[in-house]
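Enquirer: Protein sequence lines correspond, in order, to chains A and B. For reference, each letter of the first sequence is one residue, going 1 to 176 in the UniProt record's numbering. For reference, each letter of the second sequence is one residue, going 1 to 113 in the UniProt record's numbering.
Errors might be hidden in some of the hints.
What the hints assert, rightly or not - Here are the simulated lysine to aspartate or glutamate pairs, DMTMM-like style, with alpha carbons at most 25 Å apart:
| # | chain 1 | residue 1 | chain 2 | residue 2 |
| --- | --- | --- | --- | --- |
| 1 | B | Lys88 | A | Asp146 |
| 2 | B | Lys88 | A | Glu34 |
| 3 | B | Lys97 | A | Asp146 |
| 4 | B | Lys97 | A | Asp39 |
| 5 | B | Lys88 | A | Glu149 |
| 6 | B | Lys42 | B | Asp12 |
| 7 | B | Lys88 | A | Asp39 |
| 8 | B | Lys88 | A | Glu63 |
| 9 | B | Lys88 | A | Glu79 |
| 10 | B | Lys88 | A | Glu40 |
As the list claims (entries may be wrong) - Cβ-to-Cβ under 8 Å is the rule here; a few derived chain A residues that face chain B:
| # | residue |
| --- | --- |
| 11 | Pro14 |
| 12 | Ala15 |
| 13 | Val17 |
| 14 | Arg18 |
| 15 | Leu22 |
| 16 | Val23 |
| 17 | Ala25 |
| 18 | Ala26 |
| 19 | Asp39 |
| 20 | Leu43 |
| 21 | Glu47 |
| 22 | Val53 |
| 23 | Gly95 |
| 24 | Leu132 |
No wet-lab data here; the hints were simulated from the structure. Cβ atoms here follow ideal geometry from the backbone N, Cα and C, with glycine treated the same way.
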Amino acid sequence: METTTVTVRFTALPAHVRTARLVAAAVARRSGVEESVLDEVRLAVGEACSRAVDLHRRHCPGEPVTVALTDGKTSFSVEVVDRAPEQGDAEQTLGRLAEQGGSAVLEPATAAVVEQASSPDAAGYTDEDEQLSDALGLAVISGLVDDLEVTRSATGLALRMTWPLDVPVAAIPAQH
Amino acid sequence: MDLSLSTRPEGDKTVVEVGGEIDVYTAPRLREQLVDLVADGKYHLVVDMERVDFLDSTGLGVLVGGLKRVRAHDGSLRLVCTQERILKIFRITGLTKVFPIHESVEDALAATD
């Protein structure tokens, strides 16, 4: 089977994150990702898109977010690309997570953010709330995705998540 | 599926029943509900998540925000959740150590610190 890609480009609005999740789950299912893993794909793609939408709304609301869903022979990968300017600390954390893998790096950080966060204002919003969601988002992505790649280019940050496709030899139809 | 929200008093506690998807799009409504309850003097909350289909980090952030708010009034926020896919998200983020998570609303209502 050839490698195929579905690309979704959407305006940076929270409502469209749901659309991206639905499309990702549908393409993943078609690619042969196991049912039990579909939830993880849906959640990880949602987190990556939420992150991109949030950055775009703050820095470049007119620019679209791009999601490329690639069905390879042995793996399914999703690349979420933002066009926001470089985000120092958060990107470094992402890079570290991609290298080291696992959520162990972030778990203590999450607990610290929860404890340190100050009281909310009257409207119920705090900067800490946003920082907390950011930290939790990174924790969820790193906890769900074993194969995570983060690359910064001139146009933006690409976050690539890959899941293996378990294709037993016997299940591949014989060529006639 | 969209977010559904309903609240009911149970003794000195308030049960918040949440259903559907708690994500970047719907979480602000949950935040508003929790803020309103606390403003109303309801400091002991039980959030029943048994009918939640999807939860992301924005939703988690809102729940943590709610916890901080009730704690500021010596209150409590307990979660009811038995769905493995939702529990997994609390485990990954280390939040199982932050929230008391119960198997039923009855358990959560009966619990004391």
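Enquirer: Going back to the hint list, which numbers does this structure go against?
Expert: 8, 15, 16, 17, 18 and 23
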